[in-house]
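**Q** Fit chain B to the supplied structure of chain A, relying on the hints for placement.
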Amino acid sequence: MAESMKRPPRKIQGPVAWMRQHLFSSWYNSLLTIVVGYLVVTNVSPLINWLFLEANFVGSEPSDCSGTGACWLFVNQRLNFFIYGFYPDDLQWRVDIIFGLLAVAFVPQFIEKFPARKACGLFGLTGLPIIGYFLIPGGTFGLEVVESTKWGGLMLTLILAYIGILASLPIGIVLALGRRSDMPMIRGLCVVFIEVWRAVPLITVLFMASVMLPLFLPDGMNFEKLSRALIGITLWQSAYMAEVIRGGLQAIPRGQYEAADALGLGYWKKTGLIILPQALKMVIPGIVNTFISLFKDTTLVLIIGLFDLLGTVQSTITDPAWQNVAIEGYVFVAFCFWVFCFGISRYSQNLERKLDTGHKT
Amino acid sequence: MKKQTIDSRPASPKPWYDPRIRSIFFQVVVIALVFWGGWTLVDNTLSNMESRGISTGFGFLDETAGFGIIMSMVPYDATMTYARTFWVGLTNTLLVSAMGIVAATILGFILGVARLSSNWLVAKMALVYVEVIRNIPLLLQIFFWYFAVLSSLPSPRQSVEVGGAFFLNNRGLYLPGPLTQDGFGLVWGAIIAAIAGVVGLRIWAKKRQLATGEIFPVFKVSVAVLVLLPILAYLAAGSPIEWDLPALKGFNFGGGISIIPELAALWIALSLYTASFIAEIVRSGIVAVSKGQTEAAKALGLPNGLTLRLIVIPQAMRVIIPPLTSQYLNLAKNSSLATAIGYPDLVSVFMGTTLNQTGQAVEVVAITMAVYLTISLSISLFMNIYNRAAAIKER
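So the sequences go chain by chain: A and B.
Going by this note's numbering, the residue at position 55 of the first sequence is 55; the numbering climbs one at a time, nothing skipped.
Going by this note's numbering, the residue at position 240 of the second sequence is 1240; the numbering climbs one at a time, nothing skipped.
Chain A extracted, bound-state conformation (with noise of 0.2 Å):
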C-alpha cells in the first residue's frame, strides 16, 4: 500500500534537474552558488564594457581615448616597437620570415593528420636555428648587419626562449647521464652541477652572467649583453632538462638495459640505440613544460636591461606621451604570454594522454 503511495521520481534530466543537482544540491552548495554567482555577476560585466565595449579602438593620439574604457589606441600605435623592438623597419621582413617559419615548424605539430608533421618539427630543431643565425643578426650574404642591442619585443623573448632549450637540450642529456652513471667522480660533478643551479634563482644566475662573465674570460674575448644572458639561461636552464630526462631514463624497465648487455651492446650504442630513444619519447612532455616555465621566465632578462615583450612594455608605459595606460599594457602582455603558454600546454596534456599508451610495466 505504502508502495503504490509513493510520489514519482524527481526528474533527472533536463536543464532544472542539472541546476538542482550541480548547484543547488544542498544548503551551503545554495548559498555558495549565490555568493560566487554574485560575485562573479558584478566583476565581469565591468569587465567586459572596460576591455571591449567602452574601449577605444581607433584613433592615434593619446586625446582619442574616452578614458571610461581600455585605450586599446595605445598597443596599437606601438605595436611594431613590441614586436621587434628597435630593429629597423626596412629589415623587418627578415624576422617575418623567421615567424612564418616558426609556424610551418610547428603549428602542424597540433595537427593530427598533417602528412609532414615529423619532417617540419625536425626542420624546426635543426634548419630553423641555422637559417635564424645567418638571417637575424644579418653580416653574411650580403645582410646588412643589424646588432643585438636593436633587437627587442616579442622575437627577443621568441629567440631567447627558443635558443635556451634548444642548447639546454644536448647539455641536459649529457649531464642526465651523467647522474645515471657507475663512475662515482663524473656522478658527483653532475650532481653538484645540477644541484647548484637548481637551486639558485634565475635572476641571480643573469647578474652573473652580466658581471661577472667579462672577469671570467681572457682579455679581449667579450659577449654582448644578449649573449651573456643566453649563457646563463642556457646554463641554469640545462640543469631543469637533466633532472626531467634522468626521470626519463629512470622510468624505463631494467630489462631494457639489460637485454642490450646481452646483445653485447657497448655503453653508447646501448645509450644511443636504446635508452634514450625511449627515454626522450617519455619525456617530450616534460620537456613542453619546462620551455613553458623558461618562456615565462625570460621576461627576467628585463632586469639586467634587454627589452624583451615586457620590457618594450613597461618602457612605453612611463612614456609622458601616454598616460595612464600601465594597466592595459599589462593586459596586453598578460593575453600575449597566456595564449602561448596555455596552447602550449594543452597540446602537451594532449601528448602526455596519447603517450601514456605503451610505457606500462
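Any given hint might turn out to be false.
[To be verified] Simulated pairs of lysine-lysine, BS3-like, Cα-Cα distance not exceeding 25 Å:
#1 A:354 - A:281
#2 A:281 - A:269
#3 B:1124 - B:1291
#4 B:1220 - B:1207
#5 B:1014 - A:269
#6 B:1014 - A:270
Source of the hints: derived by calculation from the structure; they are not laboratory data.
**A** For chain B alone, kept in the frame of chain A given last:
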C-alpha cells in the same frame, strides 16, 4: 676433491678494453679537464681584477655602507657596514618568503578543494583562476600589482580608512601595532599551559579509546581550550595590550605597523601565482586516493569527517608533499624578483647596491648563491625527513 680449473676461460682482455681501467681513465681525464678549466677561470679572473684595480677578499664587509634601505627588520642606518646590509637583505627575503608560503598554502588548498567541488560554478571558477594565473609570467603580475594597482591608490591624505585603525594609501598599508604591557606574561603562560593541556588530552584520549573503544571529541575540546584559556588569562590580567594606532603626521603616517607597497605587491603576486600551482598539486593528490579507499571506509561505518581525516587526507598528503616542497622552494627563489620593483631583498640590496658600490662581484655573487643554496638544501632536507615519516611503511 680437487678443485677444478676452467681451461676454456678467454685470455684476459687488453687493458684498453677493460671496463675498470677505462672508467678510471675517463674519470682522470674529466677531473683533469675540470681542474684545468677552473684554474684558467681563476687565473683570468685574478688578472682581470688586477688590471681593473679590484681587491679580493671579504674585507669590504667591514666598510661603511653609506646608503639607506627603505625597510629593515633589524635596526639599520646608513652608517652601518656592508655585512649589516647583508643581514637586512636576508631577513627581508625570509620575511616575504614566509608570508608568501603561508598565504599561498591556504589559498592553494582552498582552490584545490574547490576544483573538485560538486558545485559546478565553484569548480569552474577555480579552474579559470588556475589556468589564467599560472600561464602569466610572475614578473608581469608583480608589475601589475605594483605599478597598476597599488600606485593608483589615493595619497596619504585621502587614504582609505577602516574604523580609524586601518589605513590604505599609495605609501602602503597601515595597521595598529600591539604594545604588550606589564602582566602580559600571564597570557603567554596561559598559551603554554593550553598547548601542554591539549597534548596531554590527546594522549589520554588515545589511551581511553584503546581501552574502552569510546571516541572522545579531541578536536573540538582542543580548539576550545586553545582559544578560551588565553582569552580568560587576558581578561584576568586586565587586558594588558595597548594598540599603537597609525596617525597622519605631516605628509605620511607614523606609528603602528606599516606594510610598504613593494612588500605588499610582491607578497600578493607571489601568493596568487604559487597558489595556482599548489591548487593543482592538491587536486591531483586528492584524486590519487582511489575510490576503493573511501568506499572501504564507508563499509566500515566511519562517518564522513573521520573518513576524510583518517583515510583520505593522510594518503593524499603523501602525494602532495614532495611537489609542494618544490613549490615552496620556487617561491623562495622567485622572491628575488623583488629587485624589479625595489623591495630590499637579498638580491636587490646585496647583489644590487652593495655590488655596485664595492665592485666585489665574485665575493658578493658567491655569498648570495651560497645563501640560496643553503635555503634550498635545508628546505629539501626538512621535507625529506617529513617524507620519510609519511611514506608507506611496507613490511
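**Q** Hint check: residue 1014 of chain B vs residue 269 of chain A, CA-CA at most 25 Å. Holds or violated?
**A** Distance of about 21 Å is within 25 Å: holds.
**Q** Can you confirm whether the C-alpha distance between residue 354 of chain A and residue 281 of chain A stays at or below 25 Å?
**A** 11 Å, holds
**Q** Keeping to a limit of 25 Å between CA atoms, is the pair of residue 1124 of chain B and residue 1291 of chain B held or broken?
**A** Between residue 1124 of chain B and residue 1291 of chain B the Cα gap is close to 23 Å, so the pair holds against 25 Å.
**Q** Compare the distance between the alpha carbons of residue 1220 of chain B and residue 1207 of chain B with 25 Å, and conclude whether the hinted pair is satisfied.
**A** Cα-Cα ~18 Å, so holds.
**Q** CA of residue 281 of chain A to CA of residue 269 of chain A, is that 25 Å or under?
**A** Within the cut-off at roughly 18 Å; holds.
**Q** Are the Cα atoms of residue 1014 of chain B and residue 270 of chain A separated by 25 Å or less?
**A** With a Cα-Cα distance of about 22 Å, the restraint between residue 1014 of chain B and residue 270 of chain A holds, given a limit of 25 Å.
The structure shown violates none of the earlier numbered hints.
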